[in-house]
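Protein chains in written order, with numbering that gives the first Met the number 0: chain A, 0 to 247; chain B, 0 to 274.
Among these hints, one or two may not hold up.
Said to hold, decoys possible - Below, computed lysine-lysine pairings styled on DSS-like, alpha-carbon distance capped at 25 angstroms:
1) B/K90 to A/K180
2) B/K52 to A/K181
3) B/K67 to A/K175
4) B/K67 to A/K180
5) B/K90 to A/K181
6) B/K184 to B/K76
What the hints assert, rightly or not - Chain A regions said to be covered by chain B (calculated; three or more residues, Cβ under 8 angstroms):
7) 66 to 79
8) 161 to 171
Don't read these hints as lab results, they were simulated from the structure.
All of these numbers come straight from a predicted model, not from anything done at the bench.
From the three backbone atoms N, C-alpha and C, an ideal C-beta is built for every residue, glycine too.
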Amino acid sequence: MNNLFQYVPGKSVIHRMNPITKLLITIVICVAAFLSDRLLFLAGLLAVDLLIGVIGGVANRTWQIFRGLLKIAIFLFLLQVLLTRKGTPVFWIITDQGLLTAGKVVLRLVVVCMPLALMLAVTRISDLTNALVQVLHVPYQYAFTLSTAIRFIPQFMEEMSGIMEAQTARGVAFDKARGLKKFSMILPLCAPLLISSVRRTDQTAAAAEVRGFRLRTRQSGYKRYPFTGVDFGAFVFCGALLAAAIIL
Amino acid sequence: MITLENVSFAYADQGPSVQDVSFRLEKGEFAAILGANGAGKTTTVRLMDGLLKPTSGRVLINDMDTVKSQVSERARKVGFLFQNPDRQICKNTVREEILFGLRTVRGDEGEEALQARTDEVLKDFHFTGDEEPFSLSRGQRQRVALASILAVEPEILILDEPTTGLDYLECCHIMDRIRKMNEEKQVTVIMVCHDMEVVLDYARRALVMAGGRLLADGPVKEIFRNTELMEKASILPPQMIGLGLRLGDGFENADTPEGMAEAVMARRGKGGAGA
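Construct all of the structure, not just a fragment, from the sequences and the given hints.
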């Protein structure tokens with residue numbers, strides 16, 4: 000779970016794409032998921048997500064992300080099914096409308112969450128930052144803020160898991176508790192996590208300052224990010240996906 | 000006591016970190032695990048507390064397999080001092096921090112007894128109890144973490160690089176308290192340490208690891224004097240031992256400045272007698 004947002008090195012066609020193209024695909028999939036209300040189309044989008052993972056050579060990571068989302072999805076599905084009263088009853092208090100709505104909510108959740116994690120798995124954070132600055136003319140400070148926030152996610156998760164491990168070794172029964180009880184045990188640990196996070200942020204800021212953070216401009220990067228044939232192909236695919244979402 | 004029987008471990012998607020390691024630590028021993036980065040030292044101590052479960056082999060704490068019980072259940076008997084004290088500290092005052100550990104594993108003894116024990120530990124570690132742990136220096140935070148573990152009075156103490164980032168004085172404060180527990184209460188101590196001077200000063204037994212395997216196991220001084228072994232494990236012996244070995248000829252056994260001075264005096268005396 001700790002490395003879900005970390006980059007997986009590779010030479011696949013997805014890896015070679017311009018980071019901006021990958022960002023565009025991510026956004027387009029999310030927008031398409033909200034534009035369409037058809038269950039079949041949402042299922043198709045999920046297939047696209049999975050296909051991207053397979054083509055990108057990160058099938059294992061895709062499966063990990065999918066499995067992680069599945070737990071939340073099941074919870075949401077049950078909640079929707081049990082709370083929706085509209086439609087014809089199928090079994091007990093479950094209605095056909097409830098099943099359909101729950102299916103859509105769950106599919107939408109998975110479809111929207113997967114592309115971002117997949118994009119981070121096939122794109123170096125530094126490439127994403129540089130491409131945002133060079134291609135989209137985003138000021139470096141903003142791009143750096145975005146990339147730092149993404150970079151910190153796995154670090155915070157690792158830190159939290161380290162804190163929990165240390166507390167378990169002191170006798171706090173994290174290894175026995177489940178559900179709400181475990182959650183209530185985690186709450187007091189937010190203090191050390193927050194303090195270590197602030198310390199880390201402070202150190203990162205100091206390190207960035209001494210390396211000339213404010214001197215960086217669009218011209219500072221050595222690596223260039225031109226669009227190639229693969230990127231133009233992806234643009235066509237994105238256009239088609241959006242059109243399909245609107246029409247269907 | 001701790002027993003490792005043919006223990007191997009591999010992290011997911013990685014090669015083996017620990018391979019076929021076997022040794023036994025008796026009650027009251029003070030041992031150090033030595034080796035270069037990536038030798039498998041930290042993995043071994045994490046296996047010893049059950050924070051990691053072996054891929055094959057067995058880890059026994061007082062004849063109980065770590066796989067068959069939870070880490071939190073062993074906290075009364077096994078104390079683990081992590082390299083980063085900030086992961087252990089979670090309360091707003093040093094008193095609360097020490098009490099937290101005590102309440103977690105010795106809660107059945109009653110609040111009065113726990114408060115008394117806290118006072119004792121605070122005095123021993125020279126804290127007033129009102130200090131805010133996160134405002135203290137790195138060394139002092141490490142002392143708070145150690146104090147909260149020693150307060151519980153574990154039978155076994157596992158230390159993962161306890162002196163990293165500490166100045167000499169803080170290092171001595173921490174290690175002296177650990178030695179005191181070891182000598183007075185027969186607490187079994189096993190530590191991972193990169194500072195060979197600290198190992199020479201405090202540990203009595205050394206286990207040398209390289210590439211996930213146990214290369215040697217023996218008395219500290221004997222291990223440090225084995226130049227071939229030191230080279231194989233990429234370890235530099237403590238300066239005095241290194242100097243004694245290089246000088247040779249009567250200096251080989253000198254491992255402290257005093258010992259070296261004695262060897263020099265003896266040599267002078269011999270020279271004088273010869274003249």
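> Between B/K90 and A/K181, does the CA-CA distance stay at or below 25 angstroms?
Replying inline: 18 angstroms, holds
>> Check the hint pairing B/K184 with B/K76 against an upper bound of 25 angstroms on the C-alpha distance.
In response: Since the Cα atoms of B/K184 and B/K76 sit roughly 13 angstroms apart, the hinted pair holds (cutoff 25 angstroms).
> Within the stretch 161 to 171 of chain A, is the number of residues with a Cβ closer than 8 angstroms to a Cβ of chain B three or more?
Replying inline: It holds: at least three residues are needed, and the stretch 161 to 171 of chain A offers 10 whose Cβ sits within less than 8 angstroms of chain B.
>> Check the hint pairing B/K67 with A/K180 against an upper bound of 25 angstroms on the C-alpha distance.
In response: Holds, because 23 angstroms separates the two Cα atoms, which is no more than 25 angstroms.
>> Can you confirm whether the C-alpha distance between B/K52 and A/K181 stays at or below 25 angstroms?
In response: 21 angstroms, holds
> Holds or violated: are the alpha carbons of B/K67 and A/K175 at most 25 angstroms from each other?
Replying inline: 13 angstroms, holds
> Taking a Cβ-to-Cβ distance below 8 angstroms as contact, does the stretch 66 to 79 of chain A have at least three residues touching chain B?
Replying inline: That given contact is violated, which follows from only 0 residues of the stretch 66 to 79 of chain A lying within Cβ reach (below 8 angstroms) of chain B.
> Quick one, are B/K90 and A/K180 close enough, alpha carbons at most 25 angstroms?
Replying inline: 20 angstroms, holds
The structure fails hint 7 only (numbered hints given earlier).
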